[in-house]
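Chemist: Work out the full structure: start from the sequences and follow the hints.
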Amino acid sequence: MLATQLKYDLLMFSRELFYLVFTIFVPPATYIFMGQLYGEQSYAGNLSYAQTYTPSFILLITFTVVFFAFGFDQVVHRTTGVEKRISLSPVSKNTLLLSSIIRSTIITSLGYGFILIIGLFMFDLEFGLLSFLTSYGFFIFLNAVLLIIASAIYSFFQHMNSALVFSIVVFQAVIFTGGFAMPISMMPKFIQVIADFNPMYHMNNLFIAVWNGQLTFDQNMFLSIGYIVALVAVALVILRIQNKRKIG
Amino acid sequence: MKIIEVNNLTKSYGTNHVLQGVNFHAQSGEIIGVIGKNGAGKSTFLEILMTIKQYDAGTVIVLDENIASLPMNRLEQVRKQISVVLQPTQFYKTLKVEELLKLFKAYYKSDLDIKKIIVDFKLEPHRKKYFDKLSGGWKQIVSLAIAFLSAPKLLILDEPTTGLDPHMRNMLWSYITDYNKRTGGTVILTTHNMDEIELYCDKVMLINNGVNEVFDTTESILATGYKSIHEFYLKRVSI
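Quick note, the sequences are listed as chains H and F, same order. Position 33 of the first sequence, counting from 1, maps to 996 under the working numbering, and the rest follow consecutively. Position 40 of the second sequence, counting from 1, maps to 56 under the working numbering, and the rest follow consecutively.
Just so you know, the hints here were simulated from the structure itself, not pulled from any lab data. Treat the hints loosely; a few may be bogus.
Unchecked claim - In the BS3-like style, the derived pairs of lysine-lysine whose C-alpha atoms are separated by at most 30 Å in a straight line are: (1) F/K149 / H/K1056; (2) F/K251 / H/K1056; (3) F/K109 / H/K1152; (4) F/K145 / H/K1056; (5) H/K1047 / F/K243; (6) H/K1056 / F/K109; (7) F/K131 / H/K1047; (8) F/K125 / H/K1056; (9) F/K112 / H/K1047; (10) F/K243 / H/K1056; (11) H/K970 / F/K53; (12) H/K1047 / F/K251; (13) F/K251 / H/K970; (14) F/K131 / H/K970.
Modeler: Given below as structure tokens:
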């Protein structure tokens, strides 16, 4: 049953132009475009463009897939009545959820490979098996974090339009305050303050550090991890409450 | 065999007391129409029978199970024996008709041949179309075809013929009555079309002011002097 559900989940994703544009085309195109503009510069930690922005754009694809194709999709199904109809079928919620998680992981992994290949061929990114495996493991962890947070956030939405507006606004906010457009240190002070509250900013910094073997156990790292863990805990509590409401 | 037993059912949405003590029962093989004006609580009543809506008080027994106290796994067992057509009917919009049938065949672990279903429901010209692109009538036909994949003991239809032209309506009803005769399955539906009630239903339940004001056979209602169920409805229900 899981294999059948996953097959159709992937098929549905491939047919949604909106998801494809925001997840498969926009981040790699931006990665290439920015590389053409700023490819020669060096960034924090004496890293090259590829060393800094390859993990960043992998994370950006993960964010868009999880928020649009996983979170927003839940709202679409809830508001159009699909969720109600499916709930009347003898398919377990766990099967549906697991399929949705595997679908997101497959698509984001493809995004991972896509950005990596562009980095290798266009920006002279170096490949090391051990660092690849470590980075991929951390990437799966970030996937799980985003899936939990997105699920909790989108569980509040009862209208598709409000969820869509929210998604687009958040996408913009994440790009500018997550360090995906340009280094946060070059941004105005108020953006830097906002960035501190943006979990994607912390995830981005951690992922860049893991990708380049620069993860150091200092105060900043503990703050970032602590903030993410706290958000996940809050999200899990929200999901538990929302699930009870649905049953009750 | 008793399929459904409902006693003194109440359900409110805030201060709106939609159901205020509904009593209802359905035997195996019956076709029962639930009527009432818009907002009377017909859909709420059906959704409670479908086991997807909580209620405030009363007893609801569906297929020998008291649904109020059922753990999720036993509730899923009850749901396996129920099929529904909702209003409006919605499925994954980016799946084609044939793909939807295959997916739901997997959900129901059905032995039925999808090709036969497509032939039986005259879906061949539409099997490659996206569900979202179908007309309202064909959406209802597909929904019914999916509902029959499970060979259900209980079929619940919420306004299945609303918006359909007479041919599509006839087609839908021929499938419903054929299912009822062939399998002895019970059918409960809501509709605003009183001709359909008169033509196809064994019993009628009129929900008015939150209670089942009338629950009787179609014949008995007509025997009391009404020329038609349409006239009965107009006289019993005020705007």
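Chemist: Taking the earlier hints as the rules, which of them does this structure contradict?
Modeler: 2, 3, 5, 10, 11, 12, 13
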